[in-house]
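Chemist: Those sequence lines, one after another, are chains A and B. Position one of the first sequence corresponds to residue 1 (this note's numbering), numbered consecutively onward. Position one of the second sequence corresponds to residue 1 (this note's numbering), numbered consecutively onward.
Simulated from the structure, these hints should not be mistaken for laboratory data. In this text the structure is predicted, and so the values were computed from the model without any measurement. Take the hints with a grain of salt, since some may be wrong.
Any copy will do: because identical chains look the same in the list, a pair fits if it lies in one copy or spans two.
Heads up, simulated DSBU-like pairs for lysine-lysine below, C-alpha to C-alpha not over 35 Å straight-line [stated by the list, open to error]:
no., residue 1, residue 2
1, K252, K132
2, K132, K248
3, K105, K306
4, K105, K132
5, K105, K137
6, K248, K288
7, K137, K306
8, K306, K252
Residues per chain, in single letters:
Protein chains: 2
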Amino acid sequence: MSDTIRLAHGSGGEMTARLIEEVFYTALGGDPKGANDSAILDLSGGRIAFTTDSFVISPLFFPGGDIGKLAFCGTVNDLAAVGARPIALSASFIIEEGMDVAELKTIALSMGEMSRETGIPVVAGDTKVVDKGSADKLFITTSGIGVIPDQVDYHPRHTREGDKIIISGTMGDHGYCITALREGIDIQSSVQSDCQPLHGLVALLNPISAAVRTVRDATRGGVGTVLNEWARQSEKSILVFENHLPVKDEVKGGCALLGLDPIYLANEGKMLFIIAADKADDALAILKSHPAGLDSAIIGEVAGGKTQVIMETEWGTRRVVPTPRGEILPRIC
Amino acid sequence: MSDTIRLAHGSGGEMTARLIEEVFYTALGGDPKGANDSAILDLSGGRIAFTTDSFVISPLFFPGGDIGKLAFCGTVNDLAAVGARPIALSASFIIEEGMDVAELKTIALSMGEMSRETGIPVVAGDTKVVDKGSADKLFITTSGIGVIPDQVDYHPRHTREGDKIIISGTMGDHGYCITALREGIDIQSSVQSDCQPLHGLVALLNPISAAVRTVRDATRGGVGTVLNEWARQSEKSILVFENHLPVKDEVKGGCALLGLDPIYLANEGKMLFIIAADKADDALAILKSHPAGLDSAIIGEVAGGKTQVIMETEWGTRRVVPTPRGEILPRIC
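Assemble the whole structure, with the sequences as input and the hints as a guide.
Modeler: Structure, rendered in C-alpha cells:
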C-alpha cells in the first residue's frame, strides 16, 4: 500500500479494507473474514454485541438529520445488524475551538431525542477540545452495547446457494442527499437522508431468525460494497437484478447527472438481509409491515461459482459489480 | 456559558464540567453527580462497566509512549476505576489525509503490544479519513467493557469522614513530560510519561473491597481536579498534606520554572483511592507490592464541613485548592 494516507483509505472500499487488514489487523490481531458490524462477546449471562464508529460528516446539518442523529442511528444499526437489542450507547465529542455552542446543543439535543424515542440511553461520554484548525468543527464517536437473543446468530458464513437478498427500502438516499447539498444542486429536491434506527425492524425477524443468514446496514460504500464483502466472507457469488433495486426517481436522475452509481452510495437507514429462499416471502411481508421497511424488496440471490457480485441489467446483460476503488464521497458519515 | 467553544472547555476543569452539564446532560439526560469513569449496566449475568474516551494528544509520540498506548491504557484505567475487570476494547481512528502509514502502523502496533501484554483484546474498530487540514494527523477514540466483581461498588457517595486518600505514585509525570517536550526544554530529563494500565493494581484491592470507597485515575486536570470532584460528589471537604504528595524532583523543578502546579498536571498511570481509615495501611501495603504502585502514599483525608479541597502546606498554613478554571494544557491526552 502507499506510504501516506489518502482520502480513498476512508472510502469504505478496497483501500479501506487493505488499510484495516495491513495496519490494524496486523497490529491488533483478529480475522478480517470473521468481522461483523459488532463484536460478539460471551458473558456468563449471554452474548453481548459491542461496536464503535466515528462520524466526520460534512456538513454537520443536512435534510433529514444532523451528525448527532447520524452518530446515534449508525451505532444502533451496527448492533441491529448482528441481531442485538441495543441497551446502551456512549458518545465522545472532539470539538474544534470556536465552534458555536448553539450548534453543539442542537446536535446533542438531536441525539437526546433519538435516545428518548428509542429508549436507548447514552450512558458514557467524553469531550475533547482541539485548537482552531486542528479539527473541522465536530467529530463524534459512538460506541454501543447490545444483548443478542439466544436463538439469533447472523453471519455471512451461514449463507447457502439459493438464498435471497432483501433490501429494506430505496438505495442511496443519504449519499445522494449529502452530495446534492454539497454541490448546491437539487435544492428543490425532496430527497432527505434516510438516517433512522433499524433495530425495531430487524427485531421483527426474531420469530423466523433461523431463516435469517446475515444482516448488514449498507452505509459507506453502499449496497455494492456490502454485497462484495458478503461474497468474500461466504465464498459465493451474488446475483442482483438491476430492475428490482429500489431507487427514488430523483436519486436516479441526480446520479446520472453527477456520474454516480446509486449502488455505491451510502445509506443510513437501510438494511440488507440474506434470507433462506423458503422464508424470503415471509421475511419480505414482515419487513413491509414496519414503517422503516415499506419499500423492502427482494433484489437478488446467492449463487455458486466464483466469489463475485454480478448484476443482471435491465436489458438482460450481466456485468461484474466490483468493490469500489479509490474515494467515492469523502466525509459522508 | 460563552457562545463559542474555547480551548478551556476541554481542560477537564470547571469550564469542561459546565459544558458537559449544560450541553450534554441537558440533552442526553443523566445525573452529573452520579457520574463515574465508566457507566455501570446491570445485565442478567452481572454488572458490566462501559466507558469511552477520545485521545487528541499532540505530539503523537512522547517519552514513555504514544497516542496508541495512551488510548489503550486510558480506557483500561477508566474501567479499573470502577473496579471492573476489562474484557474488551474498541478503537476508532480519525486520520488526516497525508499521514504517514508507517507512523500509523507504529501506533497500531503499540496498541497491539498493550493488548497482548494485558490479555485484553481490541474487538471492534472503525477508520475514517478526513481531508488534509480537517484534523491534526490522528485522533483515536477507545471504548471498553469490563465485568464488575459482585462485591465491588466504588463510588464517592460511600465516602465517610476520616477516610484516607491514597495516590499510587508520583504526581504529574505525564503532563510534565508532554509540556517539556512541547516547550523544547529539559531534553536531558529522565521524566517519561507514566502511561500504563492499572487494572491489575486496582484488582489487588478486591480482597478488601469493602474498605475501598472510590477509585479514580487522575488524568486531565490532575489530582486537584479529581479531589474537587470527589468533594462535590461526596459533599465533604478533603484535606491534603503538601509534604506527603509524591512528586519527582525534576517535575517539581520544571514546574517551578514553567509556573505550573503539579497537582493539576495530567497523569496517565496513577490511581487515587479513598479508603476506610482502619484499612488504609493495609491498602497502602498492597498497592506498594505492585510494580505500578511502588511509590504509593497516603496524601490526605476526608473531613467534614464545607465542600472543598484544602491543602496543608509544608509550612503548616492552609489554602484552598480550587477546581482549575480556564485552559491548563491543551491536547495533553
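Chemist: Work down the list of hints and note, for each, if the structure agrees.
Modeler: Here's how the hints hold up against the structure:
Taking the shortest Cα distances, K252 and K132 sit within 35 Å of each other only across copies (31 Å), while inside one copy they are farther apart (39 Å). Taking the shortest Cα distances, K132 and K248 sit within 35 Å of each other only across copies (34 Å), while inside one copy they are farther apart (40 Å). Within a single copy, K105 and K306 get their C-alpha atoms only as close as 51 Å, which misses the 35 Å cut-off; across copies the closest is 33 Å, which meets it. Within a single copy, K105 and K132 get their C-alpha atoms as close as 19 Å, and across copies as close as 27 Å, so both meet the 35 Å cut-off.
Taking the shortest alpha-carbon separations for K105 and K137, both the intra-copy value of 13 Å and the inter-copy value of 27 Å come in at or below 35 Å. In the homo-oligomer, the alpha carbons of K248 and K288 lie at most 35 Å apart inside one protomer (17 Å), although the nearest pairing across protomers, at 67 Å, exceeds that limit. Neither within a single protomer nor between protomers do K137 and K306 lie at most 35 Å apart by alpha-carbon distance, with minima of 45 Å and 40 Å respectively. For the identical chains of this complex, K306 and K252 are intra-copy neighbours only, at 30 Å inside a copy versus 67 Å across copies, given an alpha-carbon limit of 35 Å.
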